[in-house]
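Trainee: Those protein sequences? They're chains A and B, same order as listed.
Going by UniProt numbering, the first sequence opens with residue 1, and the numbers climb by one from there.
Going by UniProt numbering, the second sequence opens with residue 1, and the numbers climb by one from there.
Incorrect hints may have been included.
[What the hints assert, rightly or not] Straight line, CA to CA, 20 angstroms or less: simulated PhoX-like cross-link-like pairs of lysine-lysine:
(1) A/Lys208 / B/Lys208
(2) B/Lys175 / A/Lys215
(3) B/Lys177 / B/Lys142
(4) A/Lys215 / B/Lys142
(5) B/Lys215 / B/Lys98
(6) B/Lys177 / A/Lys215
(7) A/Lys119 / A/Lys37
(8) B/Lys163 / A/Lys215
(9) B/Lys215 / A/Lys175
(10) B/Lys215 / A/Lys171
(11) B/Lys142 / A/Lys37
(12) B/Lys37 / A/Lys142
(13) A/Lys163 / B/Lys215
(14) B/Lys215 / A/Lys177
Since the hints were derived computationally from the structure, they do not count as laboratory data.
There are 2 protein chains.
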Amino acid sequence: MAPAAPPNPTPETTPSGHQLFTRIRLATPSDIPHIHKLIHQMAVFERLTHLFSATESSLSATLFSPTVQPFHSFTILLLEASTTLFPVSTFDSNPFFKPLTEVVNLRLPFEDPERETFKSRDDVTVVGYVMFFPNYSTFLGKPGFYVENLYVRECYRRMGFGKMFFCAVTKEAVKMKYGRVDWVVLDWNVNALRFYEEMGAEIVEEYKFFRLTGKPLQASGHTH
Amino acid sequence: MAPAAPPNPTPETTPSGHQLFTRIRLATPSDIPHIHKLIHQMAVFERLTHLFSATESSLSATLFSPTVQPFHSFTILLLEASTTLFPVSTFDSNPFFKPLTEVVNLRLPFEDPERETFKSRDDVTVVGYVMFFPNYSTFLGKPGFYVENLYVRECYRRMGFGKMFFCAVTKEAVKMKYGRVDWVVLDWNVNALRFYEEMGAEIVEEYKFFRLTGKPLQASGHTH
Numbered sequence: 001m002a003p004a005a006p007p008n009p010t011p012e013t014t015p016s017g018h019q020l021f022t023r024i025r026l027a028t029p030s031d032i033p034h035i036h037k038l039i040h041q042m043a044v045f046e047r048l049t050h051l052f053s054a055t056e057s058s059l060s061a062t063l064f065s066p067t068v069q070p071f072h073s074f075t076i077l078l079l080e081a082s083t084t085l086f087p088v089s090t091f092d093s094n095p096f097f098k099p100l101t102e103v104v105n106l107r108l109p110f111e112d113p114e115r116e117t118f119k120s121r122d123d124v125t126v127v128g129y130v131m132f133f134p135n136y137s138t139f140l141g142k143p144g145f146y147v148e149n150l151y152v153r154e155c156y157r158r159m160g161f162g163k164m165f166f167c168a169v170t171k172e173a174v175k176m177k178y179g180r181v182d183w184v185v186l187d188w189n190v191n192a193l194r195f196y197e198e199m200g201a202e203i204v205e206e207y208k209f210f211r212l213t214g215k216p217l218q219a220s221g222h223t224h
Numbered sequence: 001m002a003p004a005a006p007p008n009p010t011p012e013t014t015p016s017g018h019q020l021f022t023r024i025r026l027a028t029p030s031d032i033p034h035i036h037k038l039i040h041q042m043a044v045f046e047r048l049t050h051l052f053s054a055t056e057s058s059l060s061a062t063l064f065s066p067t068v069q070p071f072h073s074f075t076i077l078l079l080e081a082s083t084t085l086f087p088v089s090t091f092d093s094n095p096f097f098k099p100l101t102e103v104v105n106l107r108l109p110f111e112d113p114e115r116e117t118f119k120s121r122d123d124v125t126v127v128g129y130v131m132f133f134p135n136y137s138t139f140l141g142k143p144g145f146y147v148e149n150l151y152v153r154e155c156y157r158r159m160g161f162g163k164m165f166f167c168a169v170t171k172e173a174v175k176m177k178y179g180r181v182d183w184v185v186l187d188w189n190v191n192a193l194r195f196y197e198e199m200g201a202e203i204v205e206e207y208k209f210f211r212l213t214g215k216p217l218q219a220s221g222h223t224h
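Whenever a hint applies, use it, and build me the whole structure from the sequences.
Mentor: Here you go:
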């Protein structure tokens, strides 16, 4: 999971305010270059670039393969922002996910220093992503979701987008009658720890998280 | 994850020994009653029966639905034991998983106090299970496995079955070119902690494991 800040305070609603139109939609294969850059930014934020080896083609092959069905397998939702209303598009009739929209009122005109890098089309820029997939609780006898990453680009933080993403996932979990939503947070990321505790989530203190990767995984897999 | 003990020492191979034939195979819908009992035993072992609400029908509906394809979704492998050789069966030609067999040599004839409860057919009893499903590392740009439970019934512990299960999962992960295998262990389960460290796995100490479930999940999912 990732940096997330409490929602913005009372939104400015006077006609003199500046509006930012936002939309959460399902990612498509053509979003891969932006997704790859966002994941890298997240690795930089988490000080884990030594673990980053994803390429556009590895992401493309694994996130959009025929066995991958949104919400039943690996799923990415993107958040886009625009200073003008989103026109009607094919996303609106997506069979898996109807986009969620929200209008944010700002006091000042918005400046995005990476606007060109994250431009998706015309006036639209990609703000962040949430990546999740089903997990399963044998004790509950039903699936849940595991959230691998939730990331909002720096200049868009403290505007309520973390909460918007988070609720998009929990809303889907509730709709699918899933039993729980799990994720991990780095212990030094105090803003994220506070944010998720405010969302009503609890830390399972007695869990030790184990990982087998790299050479020890290869060795173990070749034992028999 | 679950109780697991180091593999048995040097197996007895003299003709006077008693042989236990074992087989790891993919679970089928007809195994649900045994799986349900095994999960309950695991909840008892983990002192978490207050979290146990799975029923045979909830397991059946979620583990064997049409969207569930072994290794690409929720997967259960069972370990069975028999004092006689397993006859040739349909499991041997399963397109998803070829059974793994092993013969364990014992000094004394084997006594299973729950033999009748876990009898699968004729001379065959169910020993334990491993339940896992794909997860995804955005940093690696590829899937892995998350192991939800690994459980061996009490009278079969310290005979190497934990390792046999664990290697069945890592072997499949390596075969599928997956990047990692993750799981959690309860901090008081010192036997399991030692076992997995001996397998070459590492604890990711900086991870705080978050969970949103029950009423707070329902509340969050109905926010927007």
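Trainee: Taking the hints in turn, state whether each one holds.
Mentor: Now the hints, each set against the structure:
Note on A/Lys208 and B/Lys208: the hinted pairing holds, with a Cα-Cα distance of about 9 angstroms set against a maximum of 20 angstroms. With a C-alpha separation of about 14 angstroms, the suggested pairing of B/Lys175 with A/Lys215 holds against the 20 angstroms cut-off. The suggested pairing of B/Lys177 with B/Lys142 holds, with an alpha-carbon distance near 8 angstroms, which does not exceed 20 angstroms. Between the alpha carbons of A/Lys215 and B/Lys142 the distance comes to roughly 16 angstroms, so the proposed pair stays at or under 20 angstroms and holds.
A hinted pair counts as satisfied when its Cα atoms are at most 20 angstroms apart, and B/Lys215 with B/Lys98 does not qualify at roughly 42 angstroms. For the suggested pair B/Lys177 and A/Lys215, the alpha carbons sit about 13 angstroms apart, so the restraint of at most 20 angstroms is met. At most 20 angstroms may separate the alpha-carbon atoms for a hinted pair to count; A/Lys119 and A/Lys37 meet this at roughly 12 angstroms. Annotation: proposed proximity of B/Lys163 to A/Lys215 holds, straight-line Cα distance about 18 angstroms (limit 20 angstroms).
With a CA separation close to 14 angstroms, the supplied pair B/Lys215 and A/Lys175 stays within the 20 angstroms bound. Simply put, B/Lys215 and A/Lys171 have alpha-carbon atoms about 13 angstroms apart, close enough for the 20 angstroms limit, and the pair holds. Of the pairs offered as hints, the one joining B/Lys142 and A/Lys37 holds, with about 16 angstroms between alpha carbons and a cut-off of 20 angstroms not exceeded. A hinted pair counts as satisfied when its Cα atoms are at most 20 angstroms apart, and B/Lys37 with A/Lys142 qualifies at roughly 16 angstroms.
Pair hint A/Lys163 plus B/Lys215 holds up; C-alpha atoms about 18 angstroms apart against a cutoff of 20 angstroms. With a C-alpha separation of about 13 angstroms, the suggested pair B/Lys215 and A/Lys177 falls inside the 20 angstroms cut-off, and the hint holds.
In summary, the one numbered hint that this structure violates is 5.
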